[in-house]
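Each chain, letter by letter, is given below.
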Amino acid sequence: MTEEEFRRLCDFLYRRTGMVFTEAKRYYVQRRVTDRMTATGATSFPSYFARLRGDLNGELEQFINVFTVNETYFYREDHQLRCLTTDLLMECVRAKPPGEVVRIWSVPCSTGEEPYSIAIWLLENWPQVDAYDIEIVGSDIDTRALEAAREGVFGKRALMRLTPDLVAKYFVPVGPEQWRVLEDLRQSVRFTPVNLVETGETRAHGRFDVIFCRNVLIYFDDASRRLAAENLYENLLPGGYICLGHSESMSRISPLFEVRRYVDAIVYQRPPGGARG
Amino acid sequence: MPLIRRTPDGVQPDRPDAGEALATLTHGTRQKRWAAARALSDAPDAAEALGRALSSEDDPHVREAILTSLLRLRSAASIQAILPHLRSDNASLRTGALDALRAMPDVAGPHLPELLRDADPDVRLLACDLARSLRVADATHLLYGLLEVEREANICAAALDVLAEIGGPEALPVLARCAERFHDHPFLAFSIKVVTERLSAQTPRHRG
Numbered sequence: 003m004t005e006e007e008f009r010r011l012c013d014f015l016y017r018r019t020g021m022v023f024t025e026a027k028r029y030y031v032q033r034r035v036t037d038r039m040t041a042t043g044a045t046s047f048p049s050y051f052a053r054l055r056g057d058l059n060g061e062l063e064q065f066i067n068v069f070t071v072n073e074t075y076f077y078r079e080d081h082q083l084r085c086l087t088t089d090l091l092m093e094c095v096r097a098k099p100p101g102e103v104v105r106i107w108s109v110p111c112s113t114g115e116e117p118y119s120i121a122i123w124l125l126e127n128w129p130q131v132d133a134y135d136i137e138i139v140g141s142d143i144d145t146r147a148l149e150a151a152r153e154g155v156f157g158k159r160a161l162m163r164l165t166p167d168l169v170a171k172y173f174v175p176v177g178p179e180q181w182r183v184l185e186d187l188r189q190s191v192r193f194t195p196v197n198l199v200e201t202g203e204t205r206a207h208g209r210f211d212v213i214f215c216r217n218v219l220i221y222f223d224d225a226s227r228r229l230a231a232e233n234l235y236e237n238l239l240p241g242g243y244i245c246l247g248h249s250e251s252m253s254r255i256s257p258l259f260e261v262r263r264y265v266d267a268i269v270y271q272r273p274p275g276g277a278r279g
Numbered sequence: 013m014p015l016i017r018r019t020p021d022g023v024q025p026d027r028p029d030a031g032e033a034l035a036t037l038t039h040g041t042r043q044k045r046w047a048a049a050r051a052l053s054d055a056p057d058a059a060e061a062l063g064r065a066l067s068s069e070d071d072p073h074v075r076e077a078i079l080t081s082l083l084r085l086r087s088a089a090s091i092q093a094i095l096p097h098l099r100s101d102n103a104s105l106r107t108g109a110l111d112a113l114r115a116m117p118d119v120a121g122p123h124l125p126e127l128l129r130d131a132d133p134d135v136r137l138l139a140c141d142l143a144r145s146l147r148v149a150d151a152t153h154l155l156y157g158l159l160e161v162e163r164e165a166n167i168c169a170a171a172l173d174v175l176a177e178i179g180g181p182e183a184l185p186v187l188a189r190c191a192e193r194f195h196d197h198p199f200l201a202f203s204i205k206v207v208t209e210r211l212s213a214q215t216p217r218h219r220g
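Each protein sequence line maps, in turn, to chains R and F. Residues 3 to 279 in the working numbering are what the first sequence spells out, letter by letter. Residues 13 to 220 in the working numbering are what the second sequence spells out, letter by letter.
If we strip away everything but chain R, and leave its shape as in the complex, we get:
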């Protein structure tokens, strides 16, 4: 791949996904392009790029899939989960009569560890869990990751933060060092495809009380990050919360959110009482 081809590819990736790859990531990009060229039998970059741009046989989706990072594990950054049950949900349900729906969105959800973690954490740690209907949605741009999330099969590494009791309670062994999330729990989390910079796709998901959006905005450039942040704002109920990754700060992206500091985490809130649009 020549320098000019690399630039063209990066421009294309940016326009389609908002992800930015600089020269420093050239090896990373090159390796994935080579993999896809081998998989599709393309003999040169121009022929592969033509296939990609024409989305021949769904190549665009396959291509995006190899560019997304899917490594995660259960109860990752669990201080935010503690904050969820100790502070955030208590404030969210203050104005909700019992029986109302509490909506939580995990985006991007990768292969499902985060939304299933949220479900298990709530069942184990939120005293009011039986008083409300809780809807958990996991979304990702990577449809291959979503398929794995729906399957709900995880290895030892993904479960390393869970106690043996929790694994025994919410999983069934399905092979050597492999466990599957219980059917009931799998059926209670909905998985959907979404591109955070596409307003049409985000709006279709409705509004949530809490959104977990960790470690994705860092991959976006300024314009895409702003777009995604504005979309996420639209997806929050007034007074709703958004949790970012520990190295991310919404204050650097958008002035729309208020910073809320709790004992276990710093989160961002759509100001309560705003127009419901």
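Bear in mind the hints are in silico, worked out from the structure with no lab data behind them. Take the hints with a grain of salt, since some may be wrong.
[What the hints assert, rightly or not] A few chain R positions that, by computed beta-carbon distances, are all more than 12 angstroms from chain F:
(1) Arg-33
(2) Leu-58
(3) Glu-93
(4) Thr-165
(5) Arg-263
[Claimed, not checked] Examples of chain R residues lying across from chain F (beta carbon under 10 angstroms, computed):
(6) Leu-125
(7) Ala-133
(8) Asp-135
(9) Ile-136
(10) Asp-186
(11) Leu-187
(12) Val-191
(13) Asp-223
(14) Ala-225
Quick reminder that beta carbons are idealized off the backbone N, C-alpha and C, glycines included.
Given chain R, work out where chain F should sit, using these hints.
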């Protein structure tokens, strides 16, 4: 199990065409104005209208959408639409305009020399921060020039803040002259001392 699974509500976004968006950009509900601002992000001719709408828009969310659309247009026209708002009395709009300009240094950069010479000291102060996003050589050249002539201590302090990050040892004589001009401003003298120490410890190869 209290966890439930529902079919989505099917909320569909408003996506007006460019003509409709121009008509609703400053009228209608907040949601309509927001959708209009978003819809104009790929209408190059809409930059001027977006800039005008910024002046009257009081909803922060719509204002952000307008600035984001101007940022996505990333054109000379979008820069012209944003620049006047650096003079806004509304601090939030001023900051939003600066953030948008900072996010497109390639098209905003050529305006920096005139912004650093602007008659309004507030604009010069904001312009110093805009320099942070430019190529180091361009930004340092402009800020060294500013430090030689600027009469407002606060603006020099803003320039020093940026130079502490991007400046090099070649700034030392400029800093010394600035310190001499402002010898009766203890705060600025202190800032210059801090930056001088930092840059003195730096060799050119460390500057990236």
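Hints versus structure:
{"no.": "1", "hint": "Arg-33", "in the structure": "26 angstroms, holds"}
{"no.": "2", "hint": "Leu-58", "in the structure": "25 angstroms, holds"}
{"no.": "3", "hint": "Glu-93", "in the structure": "19 angstroms, holds"}
{"no.": "4", "hint": "Thr-165", "in the structure": "20 angstroms, holds"}
{"no.": "5", "hint": "Arg-263", "in the structure": "21 angstroms, holds"}
{"no.": "6", "hint": "Leu-125", "in the structure": "7 angstroms, holds"}
{"no.": "7", "hint": "Ala-133", "in the structure": "8 angstroms, holds"}
{"no.": "8", "hint": "Asp-135", "in the structure": "5 angstroms, holds"}
{"no.": "9", "hint": "Ile-136", "in the structure": "5 angstroms, holds"}
{"no.": "10", "hint": "Asp-186", "in the structure": "5 angstroms, holds"}
{"no.": "11", "hint": "Leu-187", "in the structure": "7 angstroms, holds"}
{"no.": "12", "hint": "Val-191", "in the structure": "7 angstroms, holds"}
{"no.": "13", "hint": "Asp-223", "in the structure": "8 angstroms, holds"}
{"no.": "14", "hint": "Ala-225", "in the structure": "5 angstroms, holds"}
Checked against the numbered hints listed earlier, the structure breaks none of them; every hint is satisfied.
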